[in-house]
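Asks: One letter stands for each residue in the lines below.
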Amino acid sequence: MSADAREGRPALRHRLAERGVDRTTMLVLPGVAFLLVLFCYPFVYGLQLSFQPAEGGGPFANYRTFFEDPYLRETIWLTLRLAVPAALINCLAAVPVAFRTRGVFRGRRLVMTLLVMPITLGTVLTAQGLLGYLGANGWFNKILTGIGIIDQPLGLVHNYWGVLASLVISGFPFSYLLTLSYLTGIDPSLERAAATLGASRRQRFRHVLLPLLAPGLAITFCLSFVLAFAVFPSAQLVGDPRGSTHVISIEAYEAAFQQFDYPMGSAIAMIMAAVMLVVVALVLTWRSLLYRGATGGKG
Amino acid sequence: MTHFGSLRMEKVSRSFGRFRALRELDLEIEGGEFIALLGPSGCGKSTALNCLAGLLPLTGGAITVDGERIDNVPPERRGFGMVFQNYALFPHLSVHDNVAFGLKMARVPKAERNLRVAQALALVHLAEHARKRPGQLSGGQQQRVAIARAVVLEPRLVLMDEPLSNLDAALRLEMRTEIRRLHQRLGLTTVYVTHDQEEALSLADRLVVLRDGTTQQIGTPEEVYGSPANRYVAGFMGYRNMLDVTVTTGAGAGGDGGRTRVDLADGRLAGTRRDGAPDAGDAVAAVRPEDLDVAAAAGAADSGTDGLDFAVPATVEVVEYHGRELAVQGRLSDGQRVHFRTRTRLAPDDAVELTAPPERVLVFPREEAGAPDPPPRRPAAGETPDPKASEAVAP
Ligand SMILES: Nc1ncnc2c1ncn2[C@@H]1O[C@H](COP(=O)(O)OP(=O)(O)O)[C@@H](O)[C@H]1O
Ligand SMILES: [Mg+2]
Chain C
1 MSADAREGRP ALRHRLAERG VDRTTMLVLP GVAFLLVLFC YPFVYGLQLS FQPAEGGGPF
61 ANYRTFFEDP YLRETIWLTL RLAVPAALIN CLAAVPVAFR TRGVFRGRRL VMTLLVMPIT
121 LGTVLTAQGL LGYLGANGWF NKILTGIGII DQPLGLVHNY WGVLASLVIS GFPFSYLLTL
181 SYLTGIDPSL ERAAATLGAS RRQRFRHVLL PLLAPGLAIT FCLSFVLAFA VFPSAQLVGD
241 PRGSTHVISI EAYEAAFQQF DYPMGSAIAM IMAAVMLVVV ALVLTWRSLL YRGATGGKG
Chain P
1 MTHFGSLRME KVSRSFGRFR ALRELDLEIE GGEFIALLGP SGCGKSTALN CLAGLLPLTG
61 GAITVDGERI DNVPPERRGF GMVFQNYALF PHLSVHDNVA FGLKMARVPK AERNLRVAQA
121 LALVHLAEHA RKRPGQLSGG QQQRVAIARA VVLEPRLVLM DEPLSNLDAA LRLEMRTEIR
181 RLHQRLGLTT VYVTHDQEEA LSLADRLVVL RDGTTQQIGT PEEVYGSPAN RYVAGFMGYR
241 NMLDVTVTTG AGAGGDGGRT RVDLADGRLA GTRRDGAPDA GDAVAAVRPE DLDVAAAAGA
301 ADSGTDGLDF AVPATVEVVE YHGRELAVQG RLSDGQRVHF RTRTRLAPDD AVELTAPPER
361 VLVFPREEAG APDPPPRRPA AGETPDPKAS EAVAP
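Line by line, the protein sequences give chains C and P.
Each step along the first sequence adds one to the number in my numbering, with nothing skipped, and position 83 is 83.
Each step along the second sequence adds one to the number in my numbering, with nothing skipped, and position 150 is 150.
Don't read these hints as lab results, they were simulated from the structure.
Check each hint, because a few of them may be wrong.
A few chain C positions that, by computed beta-carbon distances, are all more than 10 Å from chain P [what the hints assert, rightly or not]: (1) L197; (2) F260; (3) V283; (4) Y291.
Some residues of chain C that are not near chain P, with every Cβ distance over 12 Å (derived) [claimed, not checked]: (5) L29; (6) T65; (7) L72; (8) R73; (9) W77; (10) I89; (11) T113; (12) L114; (13) F174; (14) L190; (15) Y253; (16) M272; (17) A273; (18) T285; (19) L290; (20) R292.
What the simulated footprint calls covered on chain P by chain C, stretch by stretch (three residues with Cβ under 8 Å from a Cβ of chain C suffice, anywhere in the stretch; the number is not a length) [said to hold, decoys possible]: (21) 74-81; (22) 88-94.
All C-beta atoms, glycine included, are put in the ideal place defined by N, C-alpha and C.
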C-alpha cells in the first residue's frame, strides 16, 4: 500500500472502491460459487458431451443429425411459435393489469392474490383444469353447445391453443409482478407534470410511461420467453406432442431418457440454449438503445 | 399573453376520507397577480394547489375563471402550468425536449417550437445545456428547466409547489430573485406555495396564510407582516415572543387597533389591541425579538428604571453573537422566556429592562376559537432545541 502511494498511485483499496468494489461486494462470492457449481459446470460438461456422439461420426455428428432431420429441426420453429406469442401476450396483458392495480384501492390485496394464484397451481394442476374446462366434454364446450352457438365441441386442448393457454396462465403472474414493480418505480409526479403540460391520458402513456417502462418490459419479455421456451409438461399434457406442439424439450427428453443417448440429449439442450440466447440478445440489444436511467420513483 | 380577468375559488374544500385537508378556501385572484400560499407542512397548501391544477378533485366548492366553472375540467385542458417540488422532469428526455413537451402535445409546428424552447431556455440561462439529460444538471439548473417547461406554454396561471425547498440556502436566494424577475418580465399570474414566510413576503403581491386547512388571513405582505390577524399568523410571521399578560386598562377602549396597557412579570407594556382582545383580564402579547429594546442595563440604571412607565425587567440567559447584534434569550421574573435582539453588550445573568413601541406589541385573546394548538415556533439557526422536544426524542 505504502509502495503504491509513493509511486503516486492510489492504493488498491481506493482503486477498487472507485469501481464500487468494497467488502460488501464480497458477499456475492457464495452466489458466484453456487452459479459455477450449478450452472457453469453442467453447461461445460454438457457442451463437451455433445461433441462426443454415441455412434461416432466426428464431433459435430449430433448437431448434423439434428439439423438434417426435418422432424427434429422443426421443433425449434414449433417452440418459438409457442414461446414468443406466449411471452408477448404475458407482457402486453401485464401492462394494463398492472396499470389498473398499481394504486391503492379497496380489495387490492384480494385482486393481487387472485392474479398471482396461478403460480401456486403448477403446470400439472393447470393442465388438469384446462382439460376439464376447455376439453371436448368440458363446461365451456357444453355451455356453448347447450345454448346452440356451436354444434361440434371446439378443439381447444390437445393442440397448439391448449399449450398456449397453459403458458399464459402460468407465465402471467411473473410478468405481472415484474411489470408492476417497474411501474410503481416510476415517479407519479411525472404523469401529473405531463398532464399539466396538456398531455391527454393516451399521450401520457405514450410519451412518458411507455418509454420509462420499455426497458423493464424488455426484461419481462426475456424472462417470460425463457420460461415458455422450456415448455415441457403442458406440451405433453394439453398439447399434441407428436404434432403441432412437438417442442424441442420433448426431443431432448426422449433422446436422453428414452434412448439413453446422453450426447444427443446434450446437443439438443445446447441448441435450446443457443436459440434462447439469440432471442434474449436481440431483445437486450434493442433495450440498450433505450433510456435506462433513473425513473425518479421509489424504486 | 393570455390573461384571465379573475379566477375565483369559492368554498373550495378537499377531504381525504373524514380528514378535511382543505376547508372552504375563498380566494379571488386577479390576472397578473402573484399569490403565495403560506403555512407549515401539512396545512393543506399542496392540496389547494392540486385542486387548482385539477390533479385532485374537489369535495366541495367551485372554481371559476371569468365566470366559467372549471373544477371539472381535467388538468390537461385547464391551461395551467405547474412547477413541482421535486421538479418532475422527464428523465428520458433532453432539457430541450422537456421544455418542448407541452408545445409538442399542443401540436405547435416544429420551427416555432424550437424557437420558443430556445427563448425559454435563454430566459432561465440554460441555452448551452439544451442537449443534456436532466440527470446531468445540478438541482438549481433542474429547477430552472422545470420553470422554463411551465412558462414556455405561456399558461394563464402558473402553480409552484415549494419550488425552492430542495435547494441550498444560497441557491434559494438566487432562485427567489430569478422567480421575481421572471414574474416581472412575463407578468404570468402565479400561485406560489411555500412554508417559508420570508420567501412569501419577498415574492408575493398577496399572501394566504393557511393552518390545518383553514384560511387564517389574506392580505398584502405589509398587512400580514404588520398586522397579523391572530396569534397563529403572528407566530408564523416572526412574532416569536408570545407573552402571557393581563390587560389592565383598555385605554382607547373599543375594537381593533385601540391602545391598551398590559401587566406582566413585575412590569408593564403599552400595546395595540387586535380583534377579540379582552378589555381586561388574561391575554397574549406578541412581540418580535427585534422590536424589544433594552432600555437600561442594570447597574448603569440604578435610578433610571423607576422613571420608565412601560418596561419589563428580565434576566439574560443565553447570548448569541449574530454579527451586528446579539440574539438574546432572557427570562422574566415570572419564568416566561423572552427573545430579543440588541447591540448592547450583554452577558448571562445581566439584568435588563425591556421596552417596545406600543404599535409593535400586539394583544390577542388568550384562548382562540377553534385553534387549540399554540402556534408552531420555527427554531432560528443555532438555537438550542426546545428541552421538551429533546426529551421526546430521547428514549
Ligand atoms: N392522498 C392523501 N390521502 C390522505 N391524506 C392526505 C393525502 N394527501 C394529503 N393528505 C393530508 O392532507 C394534509 C395536507 O396535505 P398537503 O396539502 O400535502 O400539505 P402541505 O401544506 O404540506 O403541502 C396532510 O395532513 C396530509 O397528511
Ligand atoms: Mg406540500
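Asks: Against this structure, judge whether each hint is valid.
Replies: Hints, one by one, checked against the model:
1. Non-interface call for L197 (chain C) relative to chain P: violated, since the shortest CB-CB distance, roughly 4 Å, does not exceed 10 Å.
2. Residue placement check: F260 (chain C) keeps its beta carbon more than 10 Å from all beta carbons of chain P (closest about 54 Å).
3. No beta-carbon of chain P is positioned within 10 Å of the beta-carbon of V283 (chain C); the least distance is around 19 Å.
4. Separation of Y291 (chain C) from chain P is inadequate, the least Cβ-Cβ distance of about 4 Å not exceeding the 10 Å criterion.
5. With a least CB separation of 32 Å from chain P, L29 (chain C) remains clear of the 12 Å interface cut-off, as annotated.
6. No beta-carbon of chain P is positioned within 12 Å of the beta-carbon of T65 (chain C); the least distance is around 49 Å.
7. The claim that L72 (chain C) lies off the interface holds: its Cβ sits roughly 45 Å from the closest Cβ of chain P, which is beyond the 12 Å cut-off.
8. R73 (chain C), annotated as away from the interface, keeps every beta carbon of chain P farther than 12 Å; the closest lies near 42 Å.
9. Remark: the non-interface label on W77 (chain C) is consistent with the geometry, its nearest Cβ contact in chain P lying 36 Å away (cut-off 12 Å).
10. At roughly 26 Å from the closest C-beta of chain P, the C-beta of I89 (chain C) stays outside 12 Å, upholding its exclusion from the interface.
11. Distance check for T113 (chain C) against chain P: the nearest CB is about 25 Å away, which clears 12 Å, and the non-interface claim stands.
12. The non-interface label for L114 (chain C) is consistent with chain P: the shortest C-beta to C-beta separation is roughly 26 Å, beyond 12 Å.
13. No Cβ of chain P comes within 12 Å of the Cβ of F174 (chain C); the nearest lies about 26 Å off, and the non-interface call holds.
14. The beta carbon of L190 (chain C) is not kept farther than 12 Å from every beta carbon of chain P, the shortest such distance being approximately 5 Å.
15. Under the 12 Å C-beta cut-off, the non-interface status given to Y253 (chain C) relative to chain P holds; the minimum distance is some 44 Å.
16. Interface exclusion of M272 (chain C) from chain P stands, the closest Cβ pair being 35 Å apart, more than 12 Å.
17. The beta carbon of A273 (chain C) sits about 33 Å from the closest Cβ of chain P, which is more than 12 Å, so the claim that it is off the interface holds.
18. Consistency note on T285 (chain C): stated as away from chain P, and its beta-carbon is indeed over 12 Å from all of that chain's, at 18 Å minimum.
19. Taking the minimum C-beta to C-beta distance to chain P, about 8 Å, the non-interface status of L290 (chain C) is violated against the 12 Å cut.
20. The beta carbon of R292 (chain C) is not kept farther than 12 Å from every beta carbon of chain P, the shortest such distance being approximately 9 Å.
21. Proximity of the segment 74-81 of chain P to chain C, defined as three or more residues with a beta carbon under 8 Å from a beta carbon of that chain, is established by the 8 residues found.
22. Look at the segment 88-94 of chain P against chain C: 5 of its residues bring a Cβ nearer than 8 Å to a Cβ of that chain, three or more, so the hint holds.
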